[in-house]
Amino acid sequence: MTTIPVEHYLIVAAALFCIGLAIAITKKHLIGILLGIELMLNAVNINLVAFSRHDPERIGGQLFALFVIVVAAAEVTVALAIILRVYGHFRTVDPDKVNELKK
Amino acid sequence: MEIAAFYGFSGLAIIAALFILFSRNLIYAAFALFLAFLGVAALYVLAGADFLAVTQIMVYVGGILVLLIFGIMLTQKADKEAISTTPNRVVVSMARQFWGFLIGASLFGFLSYVIVTSNFKMTGESNVSRSTLKTIGVELMTSHLLPFEIAAILLLVALVGAAYLALNRNPAS
Chain A
1 MTTIPVEHYL IVAAALFCIG LAIAITKKHL IGILLGIELM LNAVNINLVA FSRHDPERIG
61 GQLFALFVIV VAAAEVTVAL AIILRVYGHF RTVDPDKVNE LKK
Chain B
1 MEIAAFYGFS GLAIIAALFI LFSRNLIYAA FALFLAFLGV AALYVLAGAD FLAVTQIMVY
61 VGGILVLLIF GIMLTQKADK EAISTTPNRV VVSMARQFWG FLIGASLFGF LSYVIVTSNF
121 KMTGESNVSR STLKTIGVEL MTSHLLPFEI AAILLLVALV GAAYLALNRN PAS
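As you go down the protein sequences, you meet chains A and B in turn. Residue numbering for the first sequence is 1 to 103, as defined by my numbering. Residue numbering for the second sequence is 1 to 173, as defined by my numbering.
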């Protein structure tokens, strides 16, 4: 059984992380920004799992990735609740239009 | 066979992510995110993390993605007269697009340079044929017990906080 070198996992994770960062910057929709953040969290998890292959006795990387998934789930629920409140108050989901403190 | 599966699933994940980046319709972007999550779960399986792959599919695809699609549908503009014909466009300004592509591409170049030039010396055998389920269970209940309980408290706090935040306090609207 041939094993894939760890650098390939790291390159794939770096590509997904950079695409997620570009999504979070370019989208003008609060939920679009949230999609990019989810993709970045997944890319970080790929790194942790790829390094955890070489530690089969105490798989610390996989446990860390498990806790990252838990925190991501909590973050998404709270962020969606805040987005719904912002939409109910300002009637928009464009982060550039929610600028009441600047005026 | 394993090599082909690895490149196929990583290509699926990256192409789905690029589709999210270039898509103007947020519903399509959410379904492309579904494909990207499935590709990442397949990469977990290829790295020997079977429990984590199942958790990824259950939590992300079954929970987070459904929540995101609900959020997209609840934040639609309702004042249009022809709702069914107007797609939910996401306006992307040119300056943001330029800076987003510039920062993303430069960060990818930097990271790939670091990864290619660094020389990883791996110790220990990479055992991918055994199930990680027993190890994860034992580690969670012995040496990672405190983070496990803190995660439980965090999920409870997030549940209560999200339910309170999303409560409709104005019944007239």
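No lab work stands behind these hints, which were simulated from the structure alone. Yeah, the Cβ is synthetic: ideal placement off N, Cα and C, and Gly gets one too. Take the hints with a grain of salt, since some may be wrong.
Using 25 Å as the maximum straight-line C-alpha spacing, the simulated SDA-like pairs for lysine to any residue come out as follows [claimed, not checked]:
id	chain 1	residue 1	chain 2	residue 2
1	A	K28	B	K121
2	B	K121	A	P56
3	A	K102	A	I82
4	A	K97	B	R169
5	A	K28	B	K134
6	B	K121	A	K102
7	B	K134	A	F51
8	B	K121	A	G60
9	A	K103	B	I69
10	A	K102	B	A105
11	A	K28	B	L165
12	A	K28	B	A105
13	A	K28	B	S106
14	A	K102	B	L67
15	A	K97	B	L167
16	B	K121	A	K97
17	A	K97	B	R96
18	A	K28	A	A79
19	A	K97	B	A166
20	A	K28	B	L67
21	A	K97	B	Y28
22	A	K97	B	I69
Only some residues are given here: those of chain A computed to face chain B with a beta carbon under 8 Å [unchecked claim]:
id	residue
23	I33
24	L35
25	V44
26	I59
27	A65
28	L66
A few chain A positions that, by computed beta-carbon distances, are all more than 12 Å from chain B [claimed, not checked]:
id	residue
29	K27
30	T77
31	E100
32	L101
Hint check results:
no.	hint	in the structure
1	A:K28 with B:K121	violated (43 Å)
2	B:K121 with A:P56	holds (16 Å)
3	A:K102 with A:I82	holds (20 Å)
4	A:K97 with B:R169	holds (23 Å)
5	A:K28 with B:K134	violated (44 Å)
6	B:K121 with A:K102	violated (52 Å)
7	B:K134 with A:F51	holds (19 Å)
8	B:K121 with A:G60	holds (18 Å)
9	A:K103 with B:I69	violated (33 Å)
10	A:K102 with B:A105	violated (31 Å)
11	A:K28 with B:L165	holds (23 Å)
12	A:K28 with B:A105	holds (20 Å)
13	A:K28 with B:S106	holds (22 Å)
14	A:K102 with B:L67	violated (31 Å)
15	A:K97 with B:L167	holds (23 Å)
16	B:K121 with A:K97	violated (50 Å)
17	A:K97 with B:R96	holds (15 Å)
18	A:K28 with A:A79	holds (16 Å)
19	A:K97 with B:A166	holds (21 Å)
20	A:K28 with B:L67	holds (19 Å)
21	A:K97 with B:Y28	holds (24 Å)
22	A:K97 with B:I69	holds (22 Å)
23	I33	violated (11 Å)
24	L35	holds (6 Å)
25	V44	violated (11 Å)
26	I59	holds (6 Å)
27	A65	holds (6 Å)
28	L66	holds (6 Å)
29	K27	violated (6 Å)
30	T77	violated (4 Å)
31	E100	holds (18 Å)
32	L101	holds (19 Å)
Of the numbered hints listed earlier, those contradicted by the structure are 1, 5, 6, 9, 10, 14, 16, 23, 25, 29 and 30.
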